[in-house]
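With the hints as your guide, set chains B, C, D and E with the ligands onto chain A.
Chains as they are written, first to last, in the working numbering: chain A, 1 to 292; chain B, 1 to 292; chain C, 1 to 310; chain D, 1 to 272; chain E, 1 to 272.
Heads up, a few of these hints could be off.
Just a few of them, taken from the derived set where beta-carbon distance is under 10 Å, the chain A residues facing chain E [claimed, not checked]:
{"no.": "1", "residue": "Val81"}
{"no.": "2", "residue": "Asp182"}
{"no.": "3", "residue": "Lys282"}
Think of the hints as simulated: they come from the structure by calculation, not from any bench.
All residues carry an ideal CB built from backbone N, CA and C; glycine is no exception.
The residues making up each chain are set out below.
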Amino acid sequence: MANIAMEPAAARFRPGTSDTEIEAAALRSIKRRKQVVLFWQIAILVIALGLWEISSQLNWIDPFFYASPSLVVDRLYDWAVNGTTEGSLWYNLGITMEEALIGFFTGSIAGVVVGIGLGRNRMLSDIFSVYIKAINSIPRVVLAPIFIMIMGLGLASKVALAFIMVFFVVFANAFQGVREADRDMIANARILGASDWQVTRTVIVPSAMSWIFASLHVSFGFAIIGAIVGEFVGARFGIGQLISIAKGTFDAAGMFAAIVLVMIVTLVAEYIMTLVENRLAKWRPQQSLDTH
Amino acid sequence: MANIAMEPAAARFRPGTSDTEIEAAALRSIKRRKQVVLFWQIAILVIALGLWEISSQLNWIDPFFYASPSLVVDRLYDWAVNGTTEGSLWYNLGITMEEALIGFFTGSIAGVVVGIGLGRNRMLSDIFSVYIKAINSIPRVVLAPIFIMIMGLGLASKVALAFIMVFFVVFANAFQGVREADRDMIANARILGASDWQVTRTVIVPSAMSWIFASLHVSFGFAIIGAIVGEFVGARFGIGQLISIAKGTFDAAGMFAAIVLVMIVTLVAEYIMTLVENRLAKWRPQQSLDTH
Amino acid sequence: HAADKITIMVGGYEKQIYLPAKLAEALGYFKDEGIDVELLNEAAGVDAENQLLAGAVQGVVGFYDHCVDLQAKGKFIESVVQFSQAPGEVELVSAKHPEIKSFADLKGKNLGVTGLGSSTNFLSLYMASKAGLKGGDVVSIPVGAGGTFIAAMQQDQIQAGMTTEPTISRMVKTGEASVLVDLRTVDSTRAALGGTYPAASLYMETAWVDAHKPEVQKLANAFVKTLKFINTHSAAEIADKMPKDFYVGDKEGYIKALEAGKGMFTADGVMPEDGPKTVLAVLSEFSKNVKGKQIDLTKTYTTDFVKQAM
Amino acid sequence: MPMDQGRSPAIELINVTRRFVSPTGKTLTALRDFNMTVERGEFVAVVGPTGCGKSTTLNLVTGLARPSAGEVRLMGGPVSGIDPRVGFAFQKDALFPWKNVIDNVMAGPLFRGKSKADAERMAKDWLARVGLSKFLHHYPHQLSGGMRKRVALAQTFINEPEILLMDEPFSALDVQTRTVMHEELLKLWAERQASVVFVTHDLEEAVALADKVYVLTAGPATVKSVYKVELPRPRVVSEIRYDQQFIDYCKTIWEDLRQEVETSYRRASEAA
Amino acid sequence: MPMDQGRSPAIELINVTRRFVSPTGKTLTALRDFNMTVERGEFVAVVGPTGCGKSTTLNLVTGLARPSAGEVRLMGGPVSGIDPRVGFAFQKDALFPWKNVIDNVMAGPLFRGKSKADAERMAKDWLARVGLSKFLHHYPHQLSGGMRKRVALAQTFINEPEILLMDEPFSALDVQTRTVMHEELLKLWAERQASVVFVTHDLEEAVALADKVYVLTAGPATVKSVYKVELPRPRVVSEIRYDQQFIDYCKTIWEDLRQEVETSYRRASEAA
Ligand SMILES: Nc1ncnc2c1ncn2[C@@H]1O[C@H](COP(=O)(O)OP(=O)(O)OP(=O)(O)O)[C@@H](O)[C@H]1O
Ligand SMILES: Nc1ncnc2c1ncn2[C@@H]1O[C@H](COP(=O)(O)OP(=O)(O)OP(=O)(O)O)[C@@H](O)[C@H]1O
Ligand SMILES: [Mg+2]
Ligand SMILES: [Mg+2]
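One chain only, chain A, in its complex shape (with noise of 0.2 Å):
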């Protein structure tokens, strides 16, 4: 199990098995793997989720400052049948996740860019990266104030928070996945007639693609994050809004439903971009394939 190299270790079988029987087998323990994981995943959710209950019931922390699970159910469970103050909660939702997709694509696809072209060419990086990583150490939450000054009070405001959480994480890695691909790939695309445009399209693409993808999937938590930090800053509607009014009114089961709201949110997105990220990896050596 440690070693990643071993296979996982497979039933042995007498000589004369035939191969269904073996794919069975195979297909068996591959399901029973799965099995084992849910299982500890929900045991590890119940027993903090019972934990932290408990605790609330008995007082060994204050409800009033940590809520408990069943608080915060019935919280969601309010807002999702009468609505929040500030609306439907799906519609809240709705807009947080509007500002922050597109602060997550038009990040992501920036970064993915920028990152390629200043890795393809070192005379540029040289001259700019200096300037991207004095960027990126500005605080989001000083920048939040000025871009709505600039853009105004509506989606634009948040998705540039959003972009600009998203932008650097997949911008440093779009970049080091370029310097990072194989020199010998790259001379056998060129002499094979390879435009430099062609280069970059099959050659340091694909090959940037796992560099890329270990970065979305921290960036879709961040571009929440823009998203929610542009609603505290000022905003009608959205996630945001609704953590800031339970934060004033002392409402922490609203708080925390809110927040669990975002996390189921981007465990699908998460998902989903697995199920992408696998399919466009389906090239490479899986275990799990193999017949044992």
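Relative to chain A, chains B, C, D and E with the ligands alone:
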């Protein structure tokens, strides 16, 4: 220039040119390159600052909001010489740096350790990565007050925020870096007699190194952001306080001065990091060392 | 023109001190006046002014002292409707320090304020100096509001501190703190500060007000009506009109707090005569911006619209 | 030589089958009902058409891969994970690019708990034997293909494994260097009484070195025939090629192999 | 064959020197005052000790690397960047791991603007010739070493380059497959009147295929001697080995080469 597989265009030498002559020419060309880069960096800086100064002089942008370079420099000078309202500038900077550095080191070490741990153990990673992703989507601005409630107003809460800003980015890269380690090399190490731990140390870590560094480059900026966000919510000293006071008193110059300070510090840290990285990566093919 | 949307940013519309904003909307007074008002929420007060000056919003519901402060920086904004004549804040003192009975006892202690350079900071220092303490005798610690304030007091990082509802009710209820100075009523404010202290207000850019008199009038009408409503209704009746999320779980506490604080609101939106002077006195002593500057107080507020509205 | 009399053979593959899932979803059988026994101290060469399953066989012996069916036994025990007694020279070298030549070669002894000084001494010795003393501090990317291969060999040899698996180890070397390597290999084998499985495409090399030559069929690989090479030892590889007996062996095995290679090539060429 | 009469040679290396900086800071000279001329339509084989500088030479011709001194000319013009007329089979295959076999082979024609259908037809044809029709949809990591090498060859051949550089292309193949490849190579060469530079360690292969055999000295490589092989064409590679003239060529060149290899080995073994 656009093709990284190609070597930079070199001077052509008549046969019989001596090695020293050729090496001198190579050094000259490297030096000229550095000068060009520096020239453009400075040119861009000067143009950007110039535009900023002029547009605020001519009131194209309102210096009330956006200050101007000269005002910012004045403020920095004043702070450096006379100290800020909250004590000496260096003391405030020191506080923030302390928080950011501790958070950066603990966060990146934890990110690397957890990333490598989960990266090497598929079962653990399947179980825990969901949780890690969920936690990553919690807005740090929401965490800030919670941390302060739990850990108080001192160093700990800011360090925790810096930590949590850094951890996820580093984790994501370390994790993927482990996954990308060459299977043949791992197999080779194992056959040569390496234990699990030796494989990790001699194969996994070196091959994940460029992944880890890619994330460290963005992380230092993030660590500072974490410290500053923490200081916003509650602190006695620190750059975050300076920004927050400047904001509260409509002192745009002060705000930008603090930001500039943060940028400079980040760039210095970045520079040191690059030196370390280059040292560690001295085994990599490096074109500029070739004599042409 | 009248159909144009007017955006007003509120520095936390769930806060009781800014209650008239949301109440006016809930009572439908904006609609009655035929204006389209959008209320935006904003967590940290100071950003709102920047948005106002940058033209992103037309009005801000916030503390009046910003009008004075900004004039010192050459920006002219004015209070159009004055909601309250007391800050609505309370200096709480930790139950761990029963020896503290008055401001004078705070010598050498840490005072919690929402932020350095904020109104709470200036007010605390002003009261300290009135109690005979000198600069340096007390230390202001920025602790924000809400949970962080409570935590700071629990951990004894601050021995006293100034904060607003609902933190006040919460801490008094749990017995972790008691009220040292109550700035929620006009009388106690006068006693503590030597005059009324106009705080929550609707303020706008002077230039915008001059250019949009009809709209401002309608706004003033709506808010004055709201203030009247507050004056003529019980706390419970008002609470009923508010979105339920504002008093989650503890409606009773909300009502009680409102009862205690209701008195700070003006009846008619008019700036109290002695108010601006107090503010200037506080600011010119402690605000770097205002110190030594010539301030024309008459330009920081207007009563034209509220008087018309009556 | 007491180890030679050890009751259980060094390597046993018993009815081993190894399947892969091909991208079209069909299963591809690389080995089918494969049986092979390598006695302790025996030198076995394996020849067969390209892509028949030779590397797959070696992978199973190392424990890097597991059989889909059947059993692999080392020194009488079942293979479970990687065995410290096995040394494996990969077909495609797997040097550590961040270590220079000497550090690469020292890796094995260090992993196995030798002191740094010992490891360095041994590494220098082995690098001298493969003719790379002048390149101790070069990094792999600064070496030519043949030099890398030699570093990989030194890396394997330095551990003096009891069971030595080699996958086309000398194909990138020129004839002369290859001869030197042959001699080093035979010396190591004789000194350690190691058991060797040697995959090669060079039939003469196979006959010159081995006690037994396994000829595999076109994939799925099964053992087509086994030849016992009864040339006297010690053999001088560079001279043996003029020996008539040697030439006869080569001819017989070549005929046998050629049929398989032709089948393999014909079969592979048919459109799927 | 009018192209053969083209005035300027296909490849000229004039007094070429190539230096590397070794990790110890010293410069390592891989090629020194190297001169070589390949006429249009000529088939040149290059043999030399491992690590002498053969791959370096080919790299200079492709334009992937630049000489430290001296000049490289292709078809009469100086080399500036990568020339579309050149095809290069790398010593270590550089297949694209994310493309399956047929996509790998189609890459060249697609880069050069061929239609997808054309490219696919050509790729299928070439894959049949290298005996991989059944593996069109496999990814590189699912192939054996020899199969990967053959994909790489198809990838190079499909472009039908005017100048074909090959770095030990057949060393991973069994003898039979190698014979097939020899024939494909000779066919391509004859049809396209291509100029070929062929690096190999197999002297018989060199003599069987080439018009000229260059023997290089131990590194820093210079040309030691050039042999014109005047065996009649077309040659049938599988039969030529019994030709007395062929055997004589091999013997002579072998003697010549052996000295160099010995020097190389001796020199490299001396502690640096
Ligand atoms: N991971 C894999 N997935 C699918 N098929 C594979 C995989 N690895 C090997 N194969 C198939 O198994 C067969 C045998 O491969 P193997 O590498 O053992 O051949 P080999 O005898 O070593 O050939 P060579 O002499 O060319 O090295 C080949 O047909 C190959 O396509
Ligand atoms: N990037 C590099 N840096 C330093 N030295 C290098 C570099 N590339 C090659 N060399 C050196 O140049 C010399 C020639 O290498 P080259 O790869 O041309 O040899 P070769 O003749 O192709 O050998 P082989 O037959 O083993 O493939 C070697 O001594 C090698 O160490
Ligand atoms: Mg193989
Ligand atoms: Mg080579």
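The hints, checked one at a time:
no.: 1; hint: Val81; result: violated (48 Å)
no.: 2; hint: Asp182; result: holds (7 Å)
no.: 3; hint: Lys282; result: holds (9 Å)
Taken one by one, the earlier hints fail for this structure only at number 1.
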